[in-house]
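K.L.:
So you can see what is in the structure, the chains are spelled out below.
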Amino acid sequence: MSARLAAPARVAGGLFAFILDIGVALFKRPFQLKEFLLQAWFIVQVTIVPTALVSIPFGAVIALQVGGLIKQFGAQSFTGSASVLAVVREAGPIATALLIAGAAGSAIAADFGARKIREELDAMMVLGIDPIQRLVVPRTLAMMLIAVFLNGMVTIVGVAGGYVFNVILQDGTPGAYLASFTALAQLPDMYQGLIKALVFGFLAAVVASYKGMNAKGGPKGVGDAVNESVVITFVMLFVVNFFISSLYIQLVPPKGM
Amino acid sequence: MGTDVGIVGLTKQFGSQVIWRDVTLTLPAGEISVMLGPSGTGKSVLLKTIIGLIKPNTGSVMIQGTDIANCSEKELYEVRKLFGVLFQDGAMFGSMDLYDNVAFPLREHTKKSESEIRNIVMEKMELVGLLGAENKFPGEISGGMRKRAGLARALVLDPEILLVDEPDSGLDPVRTAYLNQLFIDLNQAIDATFLIVTHDINSCRTVPDNIGLLYHKHLAMFGPREMLLSSEEPVVAQFLNAQRVGPIGMSEEKDADELAAESHIEMPPLPPIPKQISPTNGLPRRGERPAGQWCRENGVTPPPGSFGEAVPVAQEFSQGT
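These protein sequence lines map, in sequence, to chains A and V.
In terms of my numbering, the first sequence opens at residue 3 and continues consecutively.
In terms of my numbering, the second sequence opens at residue 761 and continues consecutively.
Check the hints yourself; a few may be wrong.
[Said to hold, decoys possible] Result set (BS3-like, lysine-lysine): computed pairs, CA atoms no more than 27 Å apart in a straight line: (1) K30(A) <-> K1035(V); (2) K871(V) <-> K30(A); (3) K73(A) <-> K257(A).
Note that these hints are calculated values from the structure, not bench results.
Bear in mind the structure is a predicted one, so any value in this text is a computation, not a measurement.
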């Protein structure tokens, strides 16, 4: 019984120890620039198309819901602002999180898992090279960078999608939509979105690397590691998203107050 | 070149399961040692403990004054530069071709120019007979080739200690014979300390200078090849001669009933000790000892027919009747 209770604690503890290891390895030289660029490019390749495809309906759905709701209140002139607020603050980071965890994170976990069971990671350590410094740090930084870019892309595509929906399908006026952008939304909203994306990228990379590097039990172990890493990352990102949002609402006063 | 590996009082447990207890032995510098044992006795775990991939519960592994089992991460990465390790499946990096794989340690650890690296890599590739396959990827070649490529990578930093995990698993007998010859020639050329983990009886009878046997969670015996091959100790004799009669059963150890039932059976006589493989160029290795020396020094009569001498006809006749 106690062993059963201890197991999740051990995973959590191992994950924190792993994060500390990454923190230490972050400052070790030489920095693996080539690996960083290669990985960043790889992450872009696996995420960019799904991100674009997800963000259009995401923006549209928000415009649909918000537009309908706001019409009932008779505040159509704020449609643009509400939609921007929703996309920049929440939808952008969440869509980014889904893709970072689902597409890039699973790829990283699978890669590390395969390397682990083929003893490649052991071989690397034996060759005197720390896999955390050589492989994990560049992936983590690449993931954070690309998460920020993806967040920007989701935001722009989402807002544009909202515009199209509002103007063409909900008979909104282009001028009102654009003019109301800054009525409720403010610059800190965007900073908050960026910070969220950074944190999500970091967590997704760390969990995927940790799970992949601790895969065991042959090919099935790799599958399990990928599966667990995606599930854990999703749960973690949504929880962290809630905390960052509530913190933000406490710390930054809404516009005009 | 070559350095001692001093292992003292090593114990490893996974949870409550003891892998082996109180293993003490010294791998002599520049000599070839083989570690044997039935499947599942923790031979690979021992190998990984020697390179510090697994931390033992107690005990120490001393290499040039550093205790690998208890040193800091930084020291560990330093000491590991003395090692070359060949993993079971070669453990080649799947994302690189063979050339980049072999060049990898050089690029990471030395400031050599690409042309110098090319010379070294090509030399090692030739040594293991892989010239022409440099641009293949690990996924495109056979297991035997992967193993040889892994060996080339293990050799590229001129290791002082070479650890080899089951070089003969999944290889055909001819390739195994070539690989065994390669180990002997390599040992002559680089004078490194070799530790080979295997359960191929033929290899272990003809390749090493020293043999160790892990059995029933401890090191049953470690010593010169002739000492183990002429040993009447039941476990050693049974394993080295691949027999069913003896204390080792299908499941690790036989139970008391089976042993009692067998107690009246005599262990069959030991087969002759074969000659050790000698280097292809005919020159002796540093760690090599003349055939039969250990037996003479310790007053042990080797089994008849040992070291390629003719079996006296009368004796063979008397055995037959």
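K.L.:
Compare the structure with each hint and give your call.
P.N.:
Results of checking the hints against the structure:
{"no.": "1", "hint": "K30(A) <-> K1035(V)", "in the structure": "51 Å, violated"}
{"no.": "2", "hint": "K871(V) <-> K30(A)", "in the structure": "18 Å, holds"}
{"no.": "3", "hint": "K73(A) <-> K257(A)", "in the structure": "22 Å, holds"}
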